[in-house]
Every structure is written in structure tokens, then in C-alpha cells.
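Engineer: In case you want the letters, here they are:
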Amino acid sequence: MSTAFLVQLAVSAVLVGVMVAVAALARIPRPAPPLDDAGFRQVLAVEFPERRPDAVWLSSDGAVGIARAGDAALIAYRLGDGYVTRDLNWGQLAAAPRTGEGVRLRFGGPAGGTAQVAWPGDAPWPPVRS
Amino acid sequence: MQDLEHAPFDVVTLAVPGFVLLILLEIALGRLGRAPVRYEARDTANSLILGLGSTVAGVLFAGIVGAATLWVWRHRLIDLPVRGWHVVFTWLALFLLEDLTYYAFHRLSHERRFWWAAHVNHHSSQHYNLSTALRQTWTGGLNGSWLLWLPLTFMGFPPAMIFVQKGVSLVYQFWIHTEAVRRLPAPLEYVLNTPSHHRVHHARNPRYLDRNYAGILIIWDRMFGTFEAEREDEPCRYGIVKNLGDFNILRAVFHEWSAIAADLARARSPREALMVVFGPPGWRPDGEGDTARGLRARWEARQAAAVSSPAASAGPVRSPDASTEAPA
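Residue numbers (numbering that gives the first Met the number 0), protein chains in the order written: chain A, 0 to 129; chain B, 0 to 327.
Just so you know, these hints were derived from the structure itself, not from any lab.
Computed from a predicted model, the values in this text were never measured in an experiment.
In this text, a Cβ means the ideal position worked out from N, Cα and C, and glycines have one as well.
Please note that a few of the clues may not be correct.
[To be verified] Chain B side only, calculated, beta carbon under 8 Å to chain A, not exhaustive:
no., residue
1, 38
2, 40
3, 42
4, 44
5, 47
6, 144
7, 147
8, 247
The whole structure should be built from the sequences, with the hints applied where relevant.
Structural biologist: So this is what it looks like as C-alpha cells:
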């Protein structure tokens, strides 16, 4: 790699930093308010149109929604200013470890991801219909 | 162009200051509420770092691509006019043929997993803004997609001209990655790839999957049946069928390659292995995979069922990630 290329690369790296900083300072993400029941059901209708949820639950901060559809757990969790969805076997959801602040759901596979579910310590896990 | 083997300049490098200024302008328009522009800092960082990294990856592969191109050039079929006013015809032919080559490359990059693995990171953002345009591949040199441009060299188009035209195409495609521009005048929308057409290309709505592969001219999509117009009643939801679960940049670059490796390890026959690598993205041996064609077919079936039994339809639903509304 030539010196000119390395200089160009260094200048570009600085410009990347500037643009990211400006994007952060501008504060123009999509509005992504916490999920409520109706909002979560609409997410489910878009992302899992062939599934019919039997019941839905929301984390206490509204950042994660969990639905049960038969033996499947359908999950939406907040990432940045949007939501990412995953499905798990209900047994896998039930086996997720409790952490200090709730429950941590780790999603395997190449697309990965982790959802930190804010879940009261005295509430049953996995969620049950009240 | 005196030296037919080496371009006197790199169009893309020359355009970089323009890229920076336009991104800053787009952010300013969003901040001032003058255009529906959305930026999320970590997403922007990922897009721009992917762009930066792709320049390094490009340099690493430049040797072999350049050597192959020059070898083909020295075995070309004919000498096309490159001096005097006749060069206009050579440029015109190159413009059309390079754009057609780009269409073929881009279609291959979406419809066959070996090429999709390198291209997917360009689509893995859930945002659509000018920074998304710079979300370029790091592994494009690996899958040999550059071979698609060699026939142009073999036909007699000088490597320097092809390099310049490829740069022009890439620079053109930068500005169409925006939601700030809704529609161009109809004649331009008919002929050119525009922000509207390319929004459709980046959308993951079943209706929009694997559509609008154009580089500069949208006419190729119209000719080959892959055109889909953007609809006001169906806002684009950006990203990929299974969106990435975090902002890990290495995951963005390598996740599909890693998925191919995992699926190959599970393949039970040579045919399965071939389909895992060269079949459509989402293909699974049990037929239950989420290919674009399958997703569209299931969506069309749901639409048809909704029309025949409106009561069963859930009705229009809000996009979870593209809407500016609060959850209903």
C-alpha cells in the first residue's frame, strides 16, 4: 500500500469520525417509543404474519415483547431506534438465565443478538397467563 | 484517454469530498425538519466503517483483478475507436453495456447465495440514508464477481475506460440512497434508477424483495421483469429478511459466509451442498426456507385470502421499524 493511499485512508477515517459525531449530535433517530400491547401485536402481524399469538407479555421497560404461539416464543427487542424479531422454542425461552435486572435472551445463529428483558424478580419465568 | 490500460484518475476517490458534504447536508435537512431523514449513530458508524474497510479490501484484490483484466485486454477481439470524435460511440456503447453488466452482477448478488454473502452487508442496515450507500462489501473480491466485467475488456473496451465508467456508476448510485427525495419527474423515473426505485430495492417487504437491480438505468428491470414501483400505501421497511441482532461490524461482514459454512457442514448430499452455496438465499433442503420467491408467494396467498375473506384480514399494519408513528 502506497503512502498516498495510507494518507487518504487516515483522512477518510477522521472524516468518518466527524460524520458519526454529527449524526449523533443531530439526534434524528426514528421515534421508537416503548412497546405497548397494540404496538407489539402490530409488530407481530408484520414480522410473523402466519403465526397467531396465544398471549403476549411486555418487559417492564417496554423494550422487549414476548408472545407465545403454540410451542414457539416470538420476540421483538429494541436495537438502536428499531426492533429486531426472533423466534425460539418455548423451552429455550424458559431456560434463559435470570440476571440481576431480569432475563437475558441470547439468540444463536449467524444473525445473533441478545435481548435483555427487564422482568421483575418476583414475576414467574417463563411468563404465564394471568 | 492516452493510456488505455490505466485510468488517469479514480472517479470514486474524487467524489469522496462530495459524499461527505452531501451526508452532512442530509443530516442538516433532517435536523431542521426539512426532509424525512433519520440517522442512528451506531448504524451510521457501521455503514461508514464498512465503506472505509471496503477500500482496503479493494486494494488487496486489485492486483489479481488488474492482472486478469490486462491479460484479457491483450487478447481482445477488436480495437474499438478510442481517438477522435468516434470515441463518443465507444463511450455510449460502454455506458449501456457496463450498466447491463452491473444489472447482471447485482441480480446475481441477490439471487445466488455465494454472491449474496458478499453483498448482504450493503443491505443489513434498517436505515436508508446516504451513509447506507457507503456500506460496501469487504469480500466482493473473493467470489469472483469482477469476472463479469471481463467480457467488456475482451470485446475491446479499454480497461481505463471501464474503470472510469464503473466509478461513474458507483458515484451515481450514491445519491439515490435517500428518503429526502420523493420522486423525480416521470420521464426520469421511467428511465433512470432513482431514490424511489432504489428504496424499493432496499426494502424487505415481500412485495419489494429482489426488485430493481438497476445501476443507472432502470430500463433493464423493466425489460427483464424485475421492476417494482414504490407505493404510497406500502412504506418500505429496510433491512434484510432476518435482521442482524446487534451492531457488531464483523457480523455484518461475515454472517452470511458463516451461515453458509454451518449449512455446508450439515449438508447430506453433494446436491444439497451445491444448493447451500449456489442456491437462492434462504434455501433449505426441507423446502421451508425463507427465499424471496417463497416469501412473496406466501404473501400473495395471504393477500388473495384477505380479498376473498376480508373479515379474516388483519388490515393494514404499521411497520415496526420504518414508521414515524407511535405504536397504536
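Engineer: Could you run down the list of hints and mark each one as holding or not?
Structural biologist: The hints, checked one at a time:
1. 38: holds (4 Å)
2. 40: holds (4 Å)
3. 42: holds (6 Å)
4. 44: With Cβ-Cβ at 5 Å, under 8 Å, it holds.
5. 47: Residue 47 of chain B check passes; min Cβ-Cβ to chain A is 4 Å, inside 8 Å.
6. 144: violated (21 Å)
7. 147: violated (26 Å)
8. 247: holds (7 Å)
When held up to the earlier numbered hints, the structure conflicts with 6 and 7 and fits the remainder.
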